[in-house]
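Residue numbers (the numbering used here), protein chains in the order written: chain A, 1 to 146; chain B, 147 to 277; chain C, 278 to 541.
Accuracy of the hints is not assured; some may be wrong.
What the hints assert, rightly or not - Below, simulated DSBU-like cross-link-like pairs (lysine-lysine); rule was C-alpha separation at most 30 Å, straight line:
| id | chain 1 | residue 1 | chain 2 | residue 2 |
| --- | --- | --- | --- | --- |
| 1 | C | LYS474 | A | LYS105 |
| 2 | C | LYS474 | C | LYS523 |
| 3 | A | LYS119 | C | LYS523 |
| 4 | C | LYS322 | C | LYS391 |
| 5 | C | LYS432 | A | LYS105 |
| 6 | C | LYS283 | C | LYS298 |
| 7 | C | LYS524 | C | LYS411 |
| 8 | C | LYS432 | C | LYS391 |
| 9 | A | LYS14 | C | LYS298 |
| 10 | A | LYS105 | C | LYS391 |
| 11 | C | LYS396 | A | LYS105 |
| 12 | B | LYS202 | B | LYS190 |
| 13 | C | LYS474 | C | LYS432 |
| 14 | B | LYS263 | A | LYS74 |
| 15 | C | LYS391 | C | LYS524 |
| 16 | C | LYS524 | C | LYS396 |
| 17 | B | LYS202 | B | LYS189 |
| 18 | A | LYS14 | C | LYS391 |
| 19 | B | LYS202 | A | LYS74 |
| 20 | C | LYS298 | A | LYS105 |
| 21 | B | LYS189 | A | LYS74 |
| 22 | C | LYS391 | B | LYS239 |
| 23 | C | LYS391 | A | LYS119 |
Hints are computed from structural coordinates only; laboratory data are not their basis.
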Amino acid sequence: MPQKKTDDRRLGIKGWALGGRWGFERYMYTVHRITGIGLVVYFLLHILVTSTRAFGGQHVWESLMGTLSSGVFKIGEFLVFAGFAIHGLNGIRLILIELGFATGKAIEPEYPYQTSVDKQRPIAIVAAAAAAVIILFGGYNIFLAH
Amino acid sequence: MRQSTGWTLHLITGLALLILLGTHMIIMHLDDVIGVGNINPDKKPVDWENVTARGKQITMMFFYIIFLGCALYHACFGSRTILLETDFGANNKQLITAIVVILGFGLFIFGTAAAIKFVDISQAGMMVMGG
Amino acid sequence: MADTRKIPFTILRFNPETDTKHRFDTFIVDVLPGMTVLEGLHQIKARHDATLAWRYSCRMGVCGSCGMLINGRATLACNTQILDVSPIAIAIAPLPNFPIIKDLVPDLDSMFQKHREIKPWIIRENSIEQNTAKGEFYQSPEQLVEYLQFSYCIKCGCCMAACPTMATDAQYLGPQPLAQAYRYEADSRDQGFNARKPVLDRDSGLFSCHYGSECSVVCPKGVDPAKAIQLMKRRMLLDLFHLYRKKNAELCPDQGKPSAQDGS
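The following block holds chain A by itself, in its conformation from the complex:
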């Protein structure tokens, strides 16, 4: 008799975005992770770069800032700013939810069911809209002003 096999259907990291027809909040879970990872990578480099002003002095600092003000790095600066806006505002939503302020209390379920997802939805919309506005201001400041 052939050996029995199982097909492990765990979605893995691709399951953060793929593998199903998911709701807005589940995609925000993924966006929060990706922006978080992006900000961490930038932040580690940022500590090293900004410390050059103490260990390298004015000339090293000014040549470094000269390099970093070019086009590619400006896009990077914008992405970091956008990542911060999204991560920060979604973070406020998550804190309100995880402390139980935005989920609502236990209810007697009646069909069609109302869930905590519906309860927190207005906060999700406000957070997304506020992030969009802040990103627009940041984009103007980085690319258009001066």
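For this one, chain A is given, so just place chains B and C on it according to the hints.
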């Protein structure tokens, strides 16, 4: 450490970062839109004159150190959480925790030393410019 | 019949005795208005392929056996009408995040093991009082509502299939066991907070939920596991600061029940 302790600190540092990183972003990246905290408004916030004008202040030094501590904790705990929720991380918990702790403390010491050292450099620089 | 539509059902197939990898088979189903996905599967088995395997029992959303991924959404086949999902095409796969036993039958064993881990029963500090109770633990309707919603869980596994943390972390307790931990914690008769704390307050435990919230979206019984988990976090946080107080139900001595004859 209880997971709830780490998570609670993650929330607290997250809230602190909203204020600290928010202030940092307003000063550094919204200078043309809001224009707050730019000591020499005719210069960009990253120009040496502005950098030293901020760096010589003891309050800014403390701001940077607290900011660095909060950001490093939030970043390290967040990264550890994401890594531990993968198969690799679940099988290498101690290794990942060790890397995150060493990296976190190492960068905190490095960044703090830079912030303290820069107070002297800025003050000396300002004296030269002032003279 | 005039109202009949021909809709293709694309179904994931996997036989552990012959296959090394899953494949997809497509069958044309004659769909009438009001027909459920479960009825469509029965039609395929009767007319096209008798080897198709899936799990079902009650046909009315009570037993939780027929959870599957229908057009990308984890739900029960028995209370999902085909035309509500799509009038064009249906794609069915077993619940993700579980190994497949055969075709659409997932192996839910890991979920039941985790469910046992959180001690899903009433725990009293005084076990003698619990096991040989000389009365009742009175509960008000308000105290009942505190946990009633979460007690409707039928263990179908849809929430576990939809969870993004479950997708990457096999050790994560998951929405079903965590919601049941809160179901007992919210019960005024229960005193098991400290007994469950070590299971919940660990890596891959309560705090690995980051409110993807899809569990609550897909739950066919309105259990709202995501809400239960956040409310549990709140209690755990209060406990961390030694601020958590719970008003437990007291044992009310039996005052003599009326017999069936007295009542008639």
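Consistency of the hints with the structure:
no.: 1; hint: C:LYS474 <-> A:LYS105; verdict: 22 Å, holds
no.: 2; hint: C:LYS474 <-> C:LYS523; verdict: 15 Å, holds
no.: 3; hint: A:LYS119 <-> C:LYS523; verdict: 26 Å, holds
no.: 4; hint: C:LYS322 <-> C:LYS391; verdict: 33 Å, violated
no.: 5; hint: C:LYS432 <-> A:LYS105; verdict: 22 Å, holds
no.: 6; hint: C:LYS283 <-> C:LYS298; verdict: 29 Å, holds
no.: 7; hint: C:LYS524 <-> C:LYS411; verdict: 20 Å, holds
no.: 8; hint: C:LYS432 <-> C:LYS391; verdict: 12 Å, holds
no.: 9; hint: A:LYS14 <-> C:LYS298; verdict: 19 Å, holds
no.: 10; hint: A:LYS105 <-> C:LYS391; verdict: 25 Å, holds
no.: 11; hint: C:LYS396 <-> A:LYS105; verdict: 23 Å, holds
no.: 12; hint: B:LYS202 <-> B:LYS190; verdict: 17 Å, holds
no.: 13; hint: C:LYS474 <-> C:LYS432; verdict: 22 Å, holds
no.: 14; hint: B:LYS263 <-> A:LYS74; verdict: 29 Å, holds
no.: 15; hint: C:LYS391 <-> C:LYS524; verdict: 28 Å, holds
no.: 16; hint: C:LYS524 <-> C:LYS396; verdict: 20 Å, holds
no.: 17; hint: B:LYS202 <-> B:LYS189; verdict: 17 Å, holds
no.: 18; hint: A:LYS14 <-> C:LYS391; verdict: 24 Å, holds
no.: 19; hint: B:LYS202 <-> A:LYS74; verdict: 27 Å, holds
no.: 20; hint: C:LYS298 <-> A:LYS105; verdict: 45 Å, violated
no.: 21; hint: B:LYS189 <-> A:LYS74; verdict: 18 Å, holds
no.: 22; hint: C:LYS391 <-> B:LYS239; verdict: 20 Å, holds
no.: 23; hint: C:LYS391 <-> A:LYS119; verdict: 29 Å, holds
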